[in-house]
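All chains, full assembly: derive it from the sequences and hints.
Protein chains: 2
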Amino acid sequence: MPLPTDDVVTALTEALPGRVESEATNIAEFTVDRSGHESAGLPLIAVYPESIEEVQTVCRIASETNTPIVTRGAGTGLAGGAVAGPGEIVLSLMRMNRILKISQDNRLAVVQPGILNGALNAALQEHGMWWAPDPASKDISTVGGNVAMNAGGLLCAKYGVTREAVLALKVVLGDGRLIEVGHRTVKGVTGYDLCALMIGSEGTLGVIVECTLKLQPLVVGETVTLGAYFERLEDAAAGAAAITRDGLVPAIMELVDLRTLEALDDFFGESISRGSDAYLLVQCDGPDSHATAARVAELLTMPGSIVETTTDPVESARLVNIRRNAFPALEAKGTLLIEDIAVPRDQTVAAFSAIREIEAKYDVIIATSCHAGDGNLHPTFVFQGEEVPVHIWEAASEVFALALKLGGTLSGEHGIGLLKRRWLKDELGQDQFDLQRQIKAVFDPQGLLNPGKVF
Amino acid sequence: MPLPTDDVVTALTEALPGRVESEATNIAEFTVDRSGHESAGLPLIAVYPESIEEVQTVCRIASETNTPIVTRGAGTGLAGGAVAGPGEIVLSLMRMNRILKISQDNRLAVVQPGILNGALNAALQEHGMWWAPDPASKDISTVGGNVAMNAGGLLCAKYGVTREAVLALKVVLGDGRLIEVGHRTVKGVTGYDLCALMIGSEGTLGVIVECTLKLQPLVVGETVTLGAYFERLEDAAAGAAAITRDGLVPAIMELVDLRTLEALDDFFGESISRGSDAYLLVQCDGPDSHATAARVAELLTMPGSIVETTTDPVESARLVNIRRNAFPALEAKGTLLIEDIAVPRDQTVAAFSAIREIEAKYDVIIATSCHAGDGNLHPTFVFQGEEVPVHIWEAASEVFALALKLGGTLSGEHGIGLLKRRWLKDELGQDQFDLQRQIKAVFDPQGLLNPGKVF
Chain E
1 MPLPTDDVVT ALTEALPGRV ESEATNIAEF TVDRSGHESA GLPLIAVYPE
51 SIEEVQTVCR IASETNTPIV TRGAGTGLAG GAVAGPGEIV LSLMRMNRIL
101 KISQDNRLAV VQPGILNGAL NAALQEHGMW WAPDPASKDI STVGGNVAMN
151 AGGLLCAKYG VTREAVLALK VVLGDGRLIE VGHRTVKGVT GYDLCALMIG
201 SEGTLGVIVE CTLKLQPLVV GETVTLGAYF ERLEDAAAGA AAITRDGLVP
251 AIMELVDLRT LEALDDFFGE SISRGSDAYL LVQCDGPDSH ATAARVAELL
301 TMPGSIVETT TDPVESARLV NIRRNAFPAL EAKGTLLIED IAVPRDQTVA
351 AFSAIREIEA KYDVIIATSC HAGDGNLHPT FVFQGEEVPV HIWEAASEVF
401 ALALKLGGTL SGEHGIGLLK RRWLKDELGQ DQFDLQRQIK AVFDPQGLLN
451 PGKVF
Chain Y
1 MPLPTDDVVT ALTEALPGRV ESEATNIAEF TVDRSGHESA GLPLIAVYPE
51 SIEEVQTVCR IASETNTPIV TRGAGTGLAG GAVAGPGEIV LSLMRMNRIL
101 KISQDNRLAV VQPGILNGAL NAALQEHGMW WAPDPASKDI STVGGNVAMN
151 AGGLLCAKYG VTREAVLALK VVLGDGRLIE VGHRTVKGVT GYDLCALMIG
201 SEGTLGVIVE CTLKLQPLVV GETVTLGAYF ERLEDAAAGA AAITRDGLVP
251 AIMELVDLRT LEALDDFFGE SISRGSDAYL LVQCDGPDSH ATAARVAELL
301 TMPGSIVETT TDPVESARLV NIRRNAFPAL EAKGTLLIED IAVPRDQTVA
351 AFSAIREIEA KYDVIIATSC HAGDGNLHPT FVFQGEEVPV HIWEAASEVF
401 ALALKLGGTL SGEHGIGLLK RRWLKDELGQ DQFDLQRQIK AVFDPQGLLN
451 PGKVF
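If you read the sequences in order, they're chains E and Y.
Position one of the first sequence corresponds to residue 1 (UniProt numbering), numbered consecutively onward.
Position one of the second sequence corresponds to residue 1 (UniProt numbering), numbered consecutively onward.
Among the clues, some could well be false.
If chains are identical, the list can't say which one is meant, so a pair holds when it fits in one copy or spans any two.
[Stated by the list, open to error] Here are the computed lysine-lysine pairs in the PhoX-like style, where the Cα-Cα straight-line distance is at most 20 Å: (1) K425 / K405; (2) K425 / K101; (3) K405 / K101; (4) K158 / K214; (5) K361 / K405; (6) K214 / K101; (7) K158 / K101.
Rather than coming from a laboratory, the hints here were simulated on the basis of the structure.
Note that the structure is predicted; figures quoted are calculated from it, not measured.
Okay, structure coming up:
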């Protein structure tokens, strides 16, 4: 049955004047995200609701006309999860970007989903608090997007993932009904944890329209930054493992491999790598930052390593930026397919070593940086041209199989979206895969919310 | 259709020799937990599987014969969630109590569900780690039970609830199939978070047969304990609020009211209360414990307050035991109905004050202690006799309505079980209640797992 697309566009336009956009030039951006994937064509229409009621109206019209909805934040996703195509409504939450409440007494904030993570944290700072989720995209990605993806980042080993930083959500279901899941309290055990279920569901279960966020007081103490250069990647990984085994909890622990260092040297036209094969960035915060940093330096000092420790902001920024510039430096070399596996921390070296073998086998370039505190690796394929070549997908497929073989996961923080659907069942197994699809059907029996994503 | 109960008992006995028990004197304990609720009669049989395969066998036989299963740990629940009655199989996991793996490199432990929380932590200590969930029952409750209830405790404001301390679970479904949910890695975003869904599901979605737990390194620094006595409860609550507002994060912050102090004075035959109307216990740990404690003392010092600060273990234990003896002291006064609401922290005083009004209205005794760091109150009804009198349920019902009115929840950490079913819909709303029941049906289409509980 063909969709009555004219009716949908008319109904949305009439119901929500000033909130719709269907000019091709203005909706073309919704056919892509930051994954490199592009949909088959333009979506039907984009709607920019400004209230929960308007989101409900969109969902009601979509439900009545059986029209798919792709909910969208800032479009910074790396897995194609927010890409929209023909016949689909784009539900942009970018105009719902207000902070509704900040409470120091309850250590929480209530926000609309379209606010940028960085903007929220700027506002929270004057209240002496922060929201811990720290994806690399934080200055350009929305809180709602972070929640929908269960975003990770650099700080997770110490400060947790997004799931641990959300208390409650208001969610509009596919048919327009509004539910509130979770609790405004720190504790709450009434029935199933639908709030946690919603976090990371990639727009497939409902539209997140309001977020009650768990905040933390600003970290006290002076931050100490260490940059360590190693002759061998194995030594850097062994150093990171020793830090974890010793019971230390740095805020940041990032490992950068030789391929990435080579790109950085070229990018800056100077020896960023200092001739080393691996670089480990460690940042220690909190009241014991100096004691922790001293012990970290001790553990990283070994034959062939150079360890720099600083509290100077400029020098610290230089050490941090070696890691932060990894992707810009690689982008200067070609198009990137940024992958996102996670393995148990003690399998990190095995993962790096197997990635080297896959690189040789497929004659590809894989530059890898790694959140060494939590075993989340970003093997990044560098290639020429727009489309991901078949042999790179084949190599990526081996990387995913490797992650599962080592007891890890297909995706640490980027999600499944479109790009990893074909491997999801390998990780979940048929039984869990079926359960997940049945849960999807409970929330969205018409199958209109972000169809074709995840499963 | 009557159940072929003889067939079930015969099938289980034949399939699992040495694992079953049906003598009345040996299964009578399963008709109660610590809630005071007693089921209508003896269950059919109790099974004590010793492996995952044996759990699967129990579930298969139950499924084939359409017989309900009540999964059971140590039976320390306070909401009737593990109480079994006529026609039901008790699936005791107490023999599955081994630690399968402890990894410092990955900061995780893999355990069977029947291990006691306290026993696990004793074993972890020599590896320099601990598992943070800290219910008051920790020495007598199982890890599996803690997970099934999403247990809380004293440390949650700083160290989180059980959900934040579980990485992955193996779960046997009602029909005997085994699934693995969650990730062994710190991060993982492949599909819906069924691990979080299982945590706190009170035995209604599956049987948790193996737990991969997220551990923390042992806390460094000297622990500082403060005991503060106040002329008015409002002052104690204001002190606790000031501590939170100031950005401090004590490990423990417990508020004890006048009714409880009176019971403690009687219990010990001396003036534990020192004539005060409220007592606040604060414990600061970690590298900044002394600085935090000094600031806490400053904030609690006000007209009419007495603040004691100590690092001496004996003196510290004395201050802690004032709180720890609250329930034993109250039990000496009569039978207890221990309730468990949570409210946003800034509503704590309002909650205490309204509880006083309910107490007067129904002419009952309600002694309340409160996890002041997270707004979780335990209004405890003290009465004579075994059965909870009707007017006490009526008063309790007003307490639950109060929690919802203040933006809080029916249950911070004890769960719904049997005792709070009738109020669950008030909190969730009809739409979410229906979604939760549909999720139950996805996992347990025959409705055999802990029937009649939660919903």
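Results of checking the hints against the structure:
no.: 1; hint: K425 / K405; in the structure: within (14 Å within a copy, 44 Å between copies)
no.: 2; hint: K425 / K101; in the structure: neither (41 Å within a copy, 27 Å between copies)
no.: 3; hint: K405 / K101; in the structure: between (45 Å within a copy, 19 Å between copies)
no.: 4; hint: K158 / K214; in the structure: both (15 Å within a copy, 12 Å between copies)
no.: 5; hint: K361 / K405; in the structure: within (18 Å within a copy, 63 Å between copies)
no.: 6; hint: K214 / K101; in the structure: within (12 Å within a copy, 32 Å between copies)
no.: 7; hint: K158 / K101; in the structure: neither (26 Å within a copy, 23 Å between copies)
Hints 2 and 7 from the earlier list are contradicted by this structure; the remaining hints agree with it.
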